[in-house]
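Protein chains in written order, with my numbering: chain B, 1 to 655; chain A, 1001 to 1655.
These are computed hints drawn from the structure, not numbers from a lab. Every value quoted in this text rests on a predicted model; they were computed, and no experiment measured them. Just so you know, not all the hints are guaranteed correct.
The calculated lysine-lysine pairs, modelled on DSS-like cross-linking and capped at a C-alpha distance of 27 angstroms, are [stated by the list, open to error]:
id: 1; chain 1: B; residue 1: Lys335; chain 2: A; residue 2: Lys1203
id: 2; chain 1: B; residue 1: Lys162; chain 2: A; residue 2: Lys1144
id: 3; chain 1: B; residue 1: Lys342; chain 2: A; residue 2: Lys1203
id: 4; chain 1: B; residue 1: Lys183; chain 2: A; residue 2: Lys1274
id: 5; chain 1: B; residue 1: Lys469; chain 2: B; residue 2: Lys582
id: 6; chain 1: B; residue 1: Lys203; chain 2: A; residue 2: Lys1623
id: 7; chain 1: B; residue 1: Lys623; chain 2: A; residue 2: Lys1144
id: 8; chain 1: A; residue 1: Lys1335; chain 2: B; residue 2: Lys136
id: 9; chain 1: B; residue 1: Lys144; chain 2: A; residue 2: Lys1615
id: 10; chain 1: A; residue 1: Lys1340; chain 2: B; residue 2: Lys183
id: 11; chain 1: B; residue 1: Lys335; chain 2: A; residue 2: Lys1136
id: 12; chain 1: B; residue 1: Lys144; chain 2: A; residue 2: Lys1340
id: 13; chain 1: B; residue 1: Lys539; chain 2: A; residue 2: Lys1137
id: 14; chain 1: A; residue 1: Lys1335; chain 2: B; residue 2: Lys149
id: 15; chain 1: A; residue 1: Lys1623; chain 2: B; residue 2: Lys149
Number of protein chains: 2
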Amino acid sequence: MENQNKNILIDFEPISRRVYYLDKTFYEILLKINVPIQSLCGGSGTCGKCKILIQKGSEYLIPPTNDEQKLLSENDLANGWRLACRAKIDSTFLKSLEKKDKPQFRIFLPEDFLLEDFKILTSGAQKEINLNPTVKKIYLEVEKPSLEKPISDFERVLNAIKTYQNTQMCNESLYIDINLLNKLSRILRESDHKITITIWNEKEIIDVETGDLIQHNYGIAFDIGTTTIVGYLMNLNNGKIYSLASKLNQQTAYGEDLITRITYIRNHENGLEKLNAAVLEGLNDIIVKTCEKAKIQPSQIYEATVVGNSVMHHIFLGLNPINIGLSPYVPLVQKGLNYKAKGLDLNICHRGNVYSAPLVAGFVGADTMGVILSSKIEDEKELTLAIDIGTNGELVIGNQNILATGSCAAGSALEGAHIKDGMRAAAGAIERIKIEPDTLDVTYATIKNKKPIGICGSGLVDAIAEMLKAKIIMRSGNFNKNSIDNERLIRTDHKLEFVIAKKEETSIGREISLSQNDIRQMQMAKAAFYSGMRIILKKLKSINDSMDLDIKQIFLAGAFGNYIDKENTKFIGMIPDIPNEKIFQIGNAAGTGAQICLLNKDYRQTAQDLLNRIKYVEIATDKTFQREYAEAMYFPHLNLEYFPSLKEYTNIPKR
Amino acid sequence: MENQNKNILIDFEPISRRVYYLDKTFYEILLKINVPIQSLCGGSGTCGKCKILIQKGSEYLIPPTNDEQKLLSENDLANGWRLACRAKIDSTFLKSLEKKDKPQFRIFLPEDFLLEDFKILTSGAQKEINLNPTVKKIYLEVEKPSLEKPISDFERVLNAIKTYQNTQMCNESLYIDINLLNKLSRILRESDHKITITIWNEKEIIDVETGDLIQHNYGIAFDIGTTTIVGYLMNLNNGKIYSLASKLNQQTAYGEDLITRITYIRNHENGLEKLNAAVLEGLNDIIVKTCEKAKIQPSQIYEATVVGNSVMHHIFLGLNPINIGLSPYVPLVQKGLNYKAKGLDLNICHRGNVYSAPLVAGFVGADTMGVILSSKIEDEKELTLAIDIGTNGELVIGNQNILATGSCAAGSALEGAHIKDGMRAAAGAIERIKIEPDTLDVTYATIKNKKPIGICGSGLVDAIAEMLKAKIIMRSGNFNKNSIDNERLIRTDHKLEFVIAKKEETSIGREISLSQNDIRQMQMAKAAFYSGMRIILKKLKSINDSMDLDIKQIFLAGAFGNYIDKENTKFIGMIPDIPNEKIFQIGNAAGTGAQICLLNKDYRQTAQDLLNRIKYVEIATDKTFQREYAEAMYFPHLNLEYFPSLKEYTNIPKR
């Protein structure tokens, strides 16, 4: 992106998008990064719809313009509200900045602001999603029956549909359930034969209402993560997100990771039922929450789409996931599925449909399918690597010609687990770290500027990279005991640790540090990704030796992928050595996949077609895996030739 | 039929088919009248499969042949068992008969005997039904999963189907419910991956079983009458009827006729639920009974087809029939419907399908559609009238070019209701009557030769015809008081009655007689049919004046239609005056319609297509109806020109 200043960070909340400064209004920046925003006047400062709240850094902006003074109340202005199309960072402030200054801005986007056309990001270019939802609502004025034309209630409704539009929607096999048929008969007479019907997929009438209610046509897209569930409530007529909500997956009470949960199911009668009820509680809470925000009824949500890893997928549907955990790790079913909401106990319209996206394999789930769908990797010209970073890292490598995936057990180091002072990305987490190579002085930033209480994933990546550059650790990952003598290198239980935040700086009553074991955990995680990628590439090579298998482009998906420092991620050898401008942070691409499946059913067919195209590579059982993994344990790799641009490594000792 | 001797009647039980004597073996007679029978040797007397029991008249048969002595046990022979392909009536006995002798034969066909290919009767010619059921079973040996091919359980099954046969059955949208998917996964592993799957309509997998069970593929066809329910259990692989059972419709507890039942629903909370439960009790009893006879499990019945009048149709499905009883008398839905057995509480395979045939109109139901389908009236060259005789008489008039229906309120006189000594066709009912014109002596036959207790429909038709021929009544239906003076004409409460069976002959302690009111009821019934037919013909004439609208052929459907005397039915003016050989008694044509829909799904599309072709005529609201009805009250009609062949009428006074 042009005119970036990497010293200035702007965080947009609540959508958690972080961008570098651009010399543009916030409205223009948001357009640039494809955040759907609402504006009636197109950013000309006349409609006043693009109100935003500057939570941090308001003092560095240009003063409120005339337009803003006209369109915002005094109270609003006093509380930090601005118009996104007018407010921008003051250029005189920028000029006054010294090199060490790293100002941060935090900007809150109100819910209303986000209600806009939905687009997806593909390799930096935005793409409009054509609307083609499965659910369509039609307002009908139905003919009344007479002795001359004693046609049944349902057949008169079918005739009205035919008259309304010459559509495939109306054929003799259009299904309607018994209860709705009885309701149809009653509502016809109560409504003077003026009704709204809701048709799913041109196959079934799923609702009948009195009068004209075609505007109220909603769907919800879910991303069921092992830890977190997110739901996006959307209007299917216009593709806008009306509200969103997220929640902890209550299944964590039965185990942090997937294998623990599968074990729980194996060892407990009704284990599956309990875990299924836990995830449904979360989904139904999100339904209530998003509906309250958007002021609609859950019964007006006619379809839900769901992505999630294979185990979450199975448990949500009530399918037994045990065989996913046993060799050869097969799911019960892979294809995209449609089930009635009622049968799944999802509290949207009873007759509404729940679509769950297909699974690529046992360990490459519908979430990865969501990443592929939303990143459109199969349309890329250049060979592209997409990584969804989590406890299980999913890798996708592909372009117009090939498409392969694999899964690697990255461990949960990046989520803060098994790290002495690790934590999730929450207030007080150290998320950015810089180490002065000469003095080993550490500067850091925490989330919400709270006193530090731990280090989150992006902080860990920074810490390792900076410790390497400062030669505190060697390429083997071992502490460089011989070359350093600094108060920050301490010994606890006879083991070395490097202090990131001193005791007096933290709010936990002791220092925050990285141990040798912490570094190992990070090595294992990054080695898993890099060796996984290597194995997939080798497999592709073995299929077609003439293929050009250089990664030219990288998509980093997921919340972690969005916050991580690209340069440092590359520096520790987690991803291949390609220019930063070819590395894209694509956000919650899995969730975006669920959304596009909701708005356009053609993507469901695409997903199904991709199933047949995607080559699944079983990484861990590959016979070269152990060697690849061991070599990738080095920073950035045993073979420095793989990382030609990382010149600093010439000074860092190997072991 | 050739070589008929109308003095000799042969009743085949339990199928209640009555035929006149033919100079043939019983095997040949049964073939002739299209009763499906079992024989391995094709009637050559070598397989011994065609065992029948002679219940009445065995003394008039030829003695057991050598073949029979070889193939039947002594005990069998002693008890009256014969081989149908060998036994016939003795010609010497025939020659010894005097004109007044009217011997009867009753022959019982064991259940096994009937297990044969299913055919339908159309204007006297039999037609093979091609098998094309919706339910297909496939035995599969499914590939096991491996690390090299870690394909999901369901996708491996789909692949096996594709390998098995290149069929439309296997496409990505093949549905399977969650519970069955879990079962599939379990059964695959329990059965060493050798399974039988059951597919409905190339759309859904509805069962998964261990091993090869493709032979066990059953369906059941139901005819839900207002009074009686009949069920036919059939094997869908070979089209054979495996067993049948019938039962009183328990709804009669809530009202004898349809209007009473609709009124009950309107006036009682849960009225619909109660009537629905009543009919389901009957259907589920029949399922148990037929399964026991055929030694199969109800869960192996994968589909049920249902015909019935519109009110029975609605109540069975749980649809509110109230609007059928209110002008303009529209049903809630007309088209053929498919619902899950479980949702309807029908105790076949839970995931099995229930198909209910389409309704022509509020008062012309799926039973009439069944009559049309099985009689193939729409393929006839000659203009044909089909009458399904019941409380509501349904009329169908059509040929290759036109097709029209209407319903007339015939009343339940023909079922014995509102008739002083009327009764249903049961043991002790007078079913045949002859009156000597000179002496007015009455001879009669009763069902099962019991002492008479009343008169059933066919007896009533005979009685009226004979009373006319004997000039006991006049063409107006009034007793001919001036011309007769006979002990059989008695007065009760100052009203005339004609005695059919004298007090000493009956088992009810008094005489059985016909009153003036009884004659009126019969006049109203026959007038309803004839005038109904006239109204439909007039309507067709008004549409196309050049059309030839002479009825050339008549199909009499239903149990009553099967037992009635053709000549006398014509004589009283209930049906048009055409030669007897053009009048066909086609049995329970409605039930046959349900059976052919079960065996070949193409007929369901035919039914749907017919819906658009059939012209429904509202008879009672036609402005000429009153006059037509009044004229048809005369015997045979006010206008004798309509019945040119009934020469006897020249002697019968008009009023």
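Here is how each hint holds up against the structure:
{"no.": "1", "hint": "B:Lys335 with A:Lys1203", "verdict": "holds (15 angstroms)"}
{"no.": "2", "hint": "B:Lys162 with A:Lys1144", "verdict": "violated (48 angstroms)"}
{"no.": "3", "hint": "B:Lys342 with A:Lys1203", "verdict": "holds (21 angstroms)"}
{"no.": "4", "hint": "B:Lys183 with A:Lys1274", "verdict": "holds (19 angstroms)"}
{"no.": "5", "hint": "B:Lys469 with B:Lys582", "verdict": "holds (23 angstroms)"}
{"no.": "6", "hint": "B:Lys203 with A:Lys1623", "verdict": "violated (43 angstroms)"}
{"no.": "7", "hint": "B:Lys623 with A:Lys1144", "verdict": "holds (23 angstroms)"}
{"no.": "8", "hint": "A:Lys1335 with B:Lys136", "verdict": "holds (23 angstroms)"}
{"no.": "9", "hint": "B:Lys144 with A:Lys1615", "verdict": "holds (19 angstroms)"}
{"no.": "10", "hint": "A:Lys1340 with B:Lys183", "verdict": "holds (19 angstroms)"}
{"no.": "11", "hint": "B:Lys335 with A:Lys1136", "verdict": "holds (23 angstroms)"}
{"no.": "12", "hint": "B:Lys144 with A:Lys1340", "verdict": "violated (30 angstroms)"}
{"no.": "13", "hint": "B:Lys539 with A:Lys1137", "verdict": "violated (40 angstroms)"}
{"no.": "14", "hint": "A:Lys1335 with B:Lys149", "verdict": "holds (16 angstroms)"}
{"no.": "15", "hint": "A:Lys1623 with B:Lys149", "verdict": "holds (17 angstroms)"}
The structure fails hints 2, 6, 12 and 13 (numbered hints given earlier, in ascending order).
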